[in-house]
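Number of protein chains: 2
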Amino acid sequence: MLKVPEHQVAGHLAIDGKLGPLVDDSGRFYKPLQGDGRGNKELAFYESFSSDTRVPDHIRKYFPVCYGSQLLEASNGSGLLHHLVLQDIVSSHRNPSIMDVKIGSRTWYPEASDNYIQKCLEKDRRTTTVSLGFRIAGLQLYEGKESGYWRPGRKEVQSFTVYNVRSILRRFVSSNSSIGNENSDCSFAPSIYGGSAGILEQLLELKAWFEDQTIYHFHSCSLLILFDKESVSKGSASVPEIKLIDFAHVVEGKGVIDHNFLGGLCSLIKFVSEVLSDSKESSIKDCVESEKPGICTDNGNCQ
Amino acid sequence: MLKVPEHQVAGHLAIDGKLGPLVDDSGRFYKPLQGDGRGNKELAFYESFSSDTRVPDHIRKYFPVCYGSQLLEASNGSGLLHHLVLQDIVSSHRNPSIMDVKIGSRTWYPEASDNYIQKCLEKDRRTTTVSLGFRIAGLQLYEGKESGYWRPGRKEVQSFTVYNVRSILRRFVSSNSSIGNENSDCSFAPSIYGGSAGILEQLLELKAWFEDQTIYHFHSCSLLILFDKESVSKGSASVPEIKLIDFAHVVEGKGVIDHNFLGGLCSLIKFVSEVLSDSKESSIKDCVESEKPGICTDNGNCQ
Numbered sequence: 001m002l003k004v005p006e007h008q009v010a011g012h013l014a015i016d017g018k019l020g021p022l023v024d025d026s027g028r029f030y031k032p033l034q035g036d037g038r039g040n041k042e043l044a045f046y047e048s049f050s051s052d053t054r055v056p057d058h059i060r061k062y063f064p065v066c067y068g069s070q071l072l073e074a075s076n077g078s079g080l081l082h083h084l085v086l087q088d089i090v091s092s093h094r095n096p097s098i099m100d101v102k103i104g105s106r107t108w109y110p111e112a113s114d115n116y117i118q119k120c121l122e123k124d125r126r127t128t129t130v131s132l133g134f135r136i137a138g139l140q141l142y143e144g145k146e147s148g149y150w151r152p153g154r155k156e157v158q159s160f161t162v163y164n165v166r167s168i169l170r171r172f173v174s175s176n177s178s179i180g181n182e183n184s185d186c187s188f189a190p191s192i193y194g195g196s197a198g199i200l201e202q203l204l205e206l207k208a209w210f211e212d213q214t215i216y217h218f219h220s221c222s223l224l225i226l227f228d229k230e231s232v233s234k235g236s237a238s239v240p241e242i243k244l245i246d247f248a249h250v251v252e253g254k255g256v257i258d259h260n261f262l263g264g265l266c267s268l269i270k271f272v273s274e275v276l277s278d279s280k281e282s283s284i285k286d287c288v289e290s291e292k293p294g295i296c297t298d299n300g301n302c303q
Numbered sequence: 001m002l003k004v005p006e007h008q009v010a011g012h013l014a015i016d017g018k019l020g021p022l023v024d025d026s027g028r029f030y031k032p033l034q035g036d037g038r039g040n041k042e043l044a045f046y047e048s049f050s051s052d053t054r055v056p057d058h059i060r061k062y063f064p065v066c067y068g069s070q071l072l073e074a075s076n077g078s079g080l081l082h083h084l085v086l087q088d089i090v091s092s093h094r095n096p097s098i099m100d101v102k103i104g105s106r107t108w109y110p111e112a113s114d115n116y117i118q119k120c121l122e123k124d125r126r127t128t129t130v131s132l133g134f135r136i137a138g139l140q141l142y143e144g145k146e147s148g149y150w151r152p153g154r155k156e157v158q159s160f161t162v163y164n165v166r167s168i169l170r171r172f173v174s175s176n177s178s179i180g181n182e183n184s185d186c187s188f189a190p191s192i193y194g195g196s197a198g199i200l201e202q203l204l205e206l207k208a209w210f211e212d213q214t215i216y217h218f219h220s221c222s223l224l225i226l227f228d229k230e231s232v233s234k235g236s237a238s239v240p241e242i243k244l245i246d247f248a249h250v251v252e253g254k255g256v257i258d259h260n261f262l263g264g265l266c267s268l269i270k271f272v273s274e275v276l277s278d279s280k281e282s283s284i285k286d287c288v289e290s291e292k293p294g295i296c297t298d299n300g301n302c303q
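Protein chains in written order, with the numbering used here: chain A, 1 to 303; chain D, 1 to 303.
These are calculated hints, taken from the structure and not from any lab test. Incorrect hints may appear among the rest.
To be verified - Chain A is faced by these chain D residues, among others (derived, beta-carbon under 7 Å):
(1) Ser-105
(2) Pro-110
(3) Ala-112
(4) Asn-115
(5) Ser-131
(6) Leu-132
(7) Ala-208
(8) Glu-211
(9) Val-256
(10) Ile-257
(11) His-259
(12) Leu-262
(13) Gly-264
(14) Lys-270
Computed from a prediction, not measured in an experiment: that's the story for all the values here. Beta carbons: idealized from backbone N, C-alpha and C, even for Gly.
Can you make the complete structure from the sequences, with help from the hints?
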């Protein structure tokens with residue numbers, strides 16, 4: 001039984017008779033191949049990538065597994081359509097908080113048409129793409145059983161400023177996220193962004209690869225950050241994840257590093273590490289203010 | 001006595017009645033303040049930078065010293081004009097090989113006018129700026145007493161392809177540079193690009209700062225690489241240098257890293273380190289082929 005993904009935060013949704021991706025119960029994600037060649041390009045990327053022995057194993061885990069393509073009834077009722085069959089990376093999370101971050105200070109590439117470049121450039125300048133080297137393309141934030149998810153609409157997301165992005169990266173790892181941006185406590189920052197298996201370490205691992213790899217240039221590609229806030233607050237060992245998705249505009253690197261992706265990734269890393277160091281500082285302050293005789297641990301708790 | 005700089009490889013030259021920079025014999029470089037506000041912007045940058053305590057000392061050495069401004073007779077005969085008084089970074093070198101590399105995959109900035117952005121974008125796409133994240137804006141290569149300098153003309157420089165850039169970065173550190181691009185031996189790579197005081201280490205030091213600093217965004221700024229080939233071939237202790245120049249388009253970082261500069265810098269680093277590792281490999285091969293019983297030293301020589 002195919003259904004509309006419950007946790008899709010960006011891109012076209014398979015609702016109201018529109019074409020969009022579907023998921024099944026076995027953890028697979030079916031993405032319709034876009035007709036203008038983009039779908040075939042993405043399929044070609046996955047085929048090339050999965051057999052490319054130059055890609056190290058510790059990097060491969062940041063990409064969804066691809067199971068080829070399959071003819072399926074399209075969600076818009078237009079009949080049979082080729083779909084890319086991918087790992088449904090959200091299915092292993094119960095109440096996932098997800099952020100879709102489109103990386104790079106430009107989403108266009110030199111080989112594209114002038115029209116396409118102008119269209120992208122216009123959007124890149126309107127959003128934080130040019131200024132930050134990345135933009136948030138969508139997100140959902142699990143706020144608890146009562147409140148459910150905070151999922152800002154497309155228009156709101158597209159109007160995010162640098163200030164908003166900074167707030168959201170804090171709010172994303174706060175226990176009091178529903179209260180509002182100003183008072184975010186960032187109490188989950190040490191366990192989500194920090195730690196040896198945290199988001200920051202994963203971003204740094206990816207960065208090291210991008211400083212070296214000259215195989216692919218990832219234009220208009222997104223980095224998903226996802227985690228279960230509930231399992232974190234219960235102290236369970238759920239590991240926050242990052243995954244790269246959307247490869248319709250990947251081109252050959254031809255011996256040059258993907259400096260556009262790398263620059264944006266470094267900018268995101270700086271933002272994430274600032275939230276993390278702020279949260280550590282404030283927890284040290286809390287310890288001091290509470291006059292506890294203990295010390296602050298690495299994960300920001302008082303001992 | 002002011003005179004036209006002998007080793008200027010890019011920008012407007014003070015010849016044929018044109019406005020350009022001048023130098024004196026005491027190691028100072030006089031750059032006319034451009035009338036459209038750019039000159040004052042550059043002066044303002046130097047004033048802000050020189051008093052900014054957030055800039056660490058080990059980074060300050062990558063910038064020319066600024067001695068303020070001074071009214072001088074302009075080189076185009078138009079009368080008295082304010083000039084920026086800077087350290088003449090070339091004066092300490094005897095027969096300098098110099099490369100002027102404009103860093104960044106865009107030379108424009110969001111605050112600029114649409115016209116300016118379109119003009120820059122067009123040039124960025126035409127050169128290697130977009131594809132490589134940097135472009136060579138000028139160079140001179142000392143080839144020896146007889147041949148003197150190889151200094152390609154402005155049009156040739158502007159038409160450099162990715163292939164040309166790779167060749168030039170090899171030729172720049174070759175003892176047989178006058179023979180042609182294909183046979184560059186890269187014999188100076190270990191002593192110019194490599195080593196603890198070499199170009200690569202300096203670029204990496206600069207990179208570490210750019211991963212963190214959110215004070216300035218350096219648009220359309222150049223990185224000069226300069227060294228004396230003669231003193232290197234004689235084994236003297238002349239240290240290759242890098243310096244950042246041209247700050248008419250620096251804007252405030254406002255808490256965001258300069259991902260545009262950083263990405264381009266990482267791309268240049270990758271190119272330089274490839275020349276270096278190629279040169280080490282080929283010298284190992286030479287040692288093996290010559291059947292010398294020795295080993296290859298770090299600077300690529302057989303022992």
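For each hint, the structure was consulted:
{"no.": "1", "hint": "Ser-105", "result": "holds, 6 Å"}
{"no.": "2", "hint": "Pro-110", "result": "holds, 5 Å"}
{"no.": "3", "hint": "Ala-112", "result": "violated, 11 Å"}
{"no.": "4", "hint": "Asn-115", "result": "violated, 14 Å"}
{"no.": "5", "hint": "Ser-131", "result": "holds, 6 Å"}
{"no.": "6", "hint": "Leu-132", "result": "holds, 6 Å"}
{"no.": "7", "hint": "Ala-208", "result": "violated, 11 Å"}
{"no.": "8", "hint": "Glu-211", "result": "holds, 6 Å"}
{"no.": "9", "hint": "Val-256", "result": "holds, 6 Å"}
{"no.": "10", "hint": "Ile-257", "result": "holds, 5 Å"}
{"no.": "11", "hint": "His-259", "result": "holds, 4 Å"}
{"no.": "12", "hint": "Leu-262", "result": "holds, 5 Å"}
{"no.": "13", "hint": "Gly-264", "result": "holds, 6 Å"}
{"no.": "14", "hint": "Lys-270", "result": "holds, 5 Å"}
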